[in-house]
Amino acid sequence: GNSVTQMEGPVTLSEEAFLTINCTYTATGYPSLFWYVQYPGEGLQLLLKATKADDKGSNKGFEATYRKETTSFHLEKGSVQVSDSAVYFCALTPAANFGNEKLTFGTGTRLTIIP
Amino acid sequence: GAGVSQSPRYKVAKRGQDVALRCDPISGHVSLFWYQQALGQGPEFLTYFQNEAQLDKSGLPSDRFFAERPEGSVSTLKIQRTQQEDSAVYLCFAGKPNYGYTFGSGTRLTVV
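Protein chains in written order, with my numbering: chain A, 20 to 134; chain S, 218 to 329.
Keep in mind that a hint or two might mislead.
Stated by the list, open to error - No farther apart than 25 Å at their CA atoms in a straight line, the calculated lysine to any residue pairs in the SDA-like style are these:
(1) Lys274/S with Glu120/A
(2) Lys274/S with Gln301/S
(3) Lys87/A with Glu27/A
(4) Lys313/S with Gly62/A
(5) Lys75/A with Thr47/A
(6) Lys231/S with Phe283/S
(7) Lys313/S with Asn78/A
(8) Lys71/A with Thr126/A
(9) Lys274/S with Tyr49/A
(10) Lys228/S with Gly60/A
(11) Lys313/S with Gly48/A
(12) Lys71/A with Lys313/S
(13) Lys79/A with Ala36/A
(14) Lys96/A with Thr319/S
(15) Lys295/S with Ser279/S
(16) Lys68/A with Gly220/S
(17) Lys68/A with Ser102/A
(18) Lys274/S with Val291/S
(19) Lys313/S with Phe262/S
(20) Lys68/A with Gln258/S
(21) Lys75/A with Glu95/A
(22) Lys68/A with Thr24/A
(23) Lys68/A with Gly245/S
(24) Lys231/S with Ala255/S
(25) Lys274/S with Val306/S
(26) Lys75/A with Tyr49/A
(27) Lys313/S with Gln64/A
(28) Lys71/A with Asn315/S
(29) Lys228/S with Ser290/S
(30) Lys313/S with Ala72/A
(31) Lys68/A with Gly317/S
(32) Lys68/A with Glu261/S
(33) Lys79/A with Pro314/S
(34) Lys79/A with Val106/A
(35) Lys274/S with Thr126/A
(36) Lys231/S with Gln301/S
(37) Lys68/A with Val30/A
(38) Lys228/S with Tyr58/A
(39) Lys313/S with Ser77/A
Honestly, the hints are just simulated from the structure, not real lab data.
Could you put the whole structure together from the sequences, leaning on the hints where they help?
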């Protein structure tokens, strides 16, 4: 079956530090890959996505590249801000077209940025 | 999230009580999913509707869980005879292909 393994937290960084949150997956075929973010007191929001190998998703300074050879989709940001403090979830759907396929999520990584 | 409303936001139920959780997507949201998110975990799939048809209910943990979407819009997730292990946030996720999908803010269920 499909599964997502992501870096366990919590992760605490100082403002302007470099961020990497690791995510690897197991799936047949060519899944679509996602990062969702959950800010304190808010619902899950799509942060970025990639639908095929070597695609790079990016948003709000965050990036992740779909690496089929290593089955990974690591999240990176060059300089984090206090406002990036949140829980980050890596997820996949098995289809190339994000339509009627259910999401499989990792367990989430709590990120805290200290001023 | 914008466009998907869930109610109530919080629900406290006594063990053994039945509960009903509501999801109200915007018009045109063909696909609707329910997820269960336990504390400190990622969301887990419960069930999926395409319009009024329940196409996948493989994630429902027991026959105490029941979901419906009779007119292809509002959906209700019902849990009968609640137990403590049902305590979680229940998330609705709705949208349509090529348009986008949105999570609701969820209903936090606490069974005491």
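Against the structure, the hints come out as follows:
{"no.": "1", "hint": "Lys274/S with Glu120/A", "in the structure": "13 Å, holds"}
{"no.": "2", "hint": "Lys274/S with Gln301/S", "in the structure": "22 Å, holds"}
{"no.": "3", "hint": "Lys87/A with Glu27/A", "in the structure": "22 Å, holds"}
{"no.": "4", "hint": "Lys313/S with Gly62/A", "in the structure": "19 Å, holds"}
{"no.": "5", "hint": "Lys75/A with Thr47/A", "in the structure": "20 Å, holds"}
{"no.": "6", "hint": "Lys231/S with Phe283/S", "in the structure": "19 Å, holds"}
{"no.": "7", "hint": "Lys313/S with Asn78/A", "in the structure": "22 Å, holds"}
{"no.": "8", "hint": "Lys71/A with Thr126/A", "in the structure": "23 Å, holds"}
{"no.": "9", "hint": "Lys274/S with Tyr49/A", "in the structure": "24 Å, holds"}
{"no.": "10", "hint": "Lys228/S with Gly60/A", "in the structure": "16 Å, holds"}
{"no.": "11", "hint": "Lys313/S with Gly48/A", "in the structure": "23 Å, holds"}
{"no.": "12", "hint": "Lys71/A with Lys313/S", "in the structure": "20 Å, holds"}
{"no.": "13", "hint": "Lys79/A with Ala36/A", "in the structure": "15 Å, holds"}
{"no.": "14", "hint": "Lys96/A with Thr319/S", "in the structure": "24 Å, holds"}
{"no.": "15", "hint": "Lys295/S with Ser279/S", "in the structure": "12 Å, holds"}
{"no.": "16", "hint": "Lys68/A with Gly220/S", "in the structure": "21 Å, holds"}
{"no.": "17", "hint": "Lys68/A with Ser102/A", "in the structure": "21 Å, holds"}
{"no.": "18", "hint": "Lys274/S with Val291/S", "in the structure": "17 Å, holds"}
{"no.": "19", "hint": "Lys313/S with Phe262/S", "in the structure": "17 Å, holds"}
{"no.": "20", "hint": "Lys68/A with Gln258/S", "in the structure": "21 Å, holds"}
{"no.": "21", "hint": "Lys75/A with Glu95/A", "in the structure": "11 Å, holds"}
{"no.": "22", "hint": "Lys68/A with Thr24/A", "in the structure": "17 Å, holds"}
{"no.": "23", "hint": "Lys68/A with Gly245/S", "in the structure": "23 Å, holds"}
{"no.": "24", "hint": "Lys231/S with Ala255/S", "in the structure": "18 Å, holds"}
{"no.": "25", "hint": "Lys274/S with Val306/S", "in the structure": "18 Å, holds"}
{"no.": "26", "hint": "Lys75/A with Tyr49/A", "in the structure": "15 Å, holds"}
{"no.": "27", "hint": "Lys313/S with Gln64/A", "in the structure": "16 Å, holds"}
{"no.": "28", "hint": "Lys71/A with Asn315/S", "in the structure": "16 Å, holds"}
{"no.": "29", "hint": "Lys228/S with Ser290/S", "in the structure": "22 Å, holds"}
{"no.": "30", "hint": "Lys313/S with Ala72/A", "in the structure": "24 Å, holds"}
{"no.": "31", "hint": "Lys68/A with Gly317/S", "in the structure": "12 Å, holds"}
{"no.": "32", "hint": "Lys68/A with Glu261/S", "in the structure": "19 Å, holds"}
{"no.": "33", "hint": "Lys79/A with Pro314/S", "in the structure": "24 Å, holds"}
{"no.": "34", "hint": "Lys79/A with Val106/A", "in the structure": "15 Å, holds"}
{"no.": "35", "hint": "Lys274/S with Thr126/A", "in the structure": "22 Å, holds"}
{"no.": "36", "hint": "Lys231/S with Gln301/S", "in the structure": "9 Å, holds"}
{"no.": "37", "hint": "Lys68/A with Val30/A", "in the structure": "22 Å, holds"}
{"no.": "38", "hint": "Lys228/S with Tyr58/A", "in the structure": "21 Å, holds"}
{"no.": "39", "hint": "Lys313/S with Ser77/A", "in the structure": "22 Å, holds"}
In the structure shown, no violation is registered for any of the earlier numbered hints.
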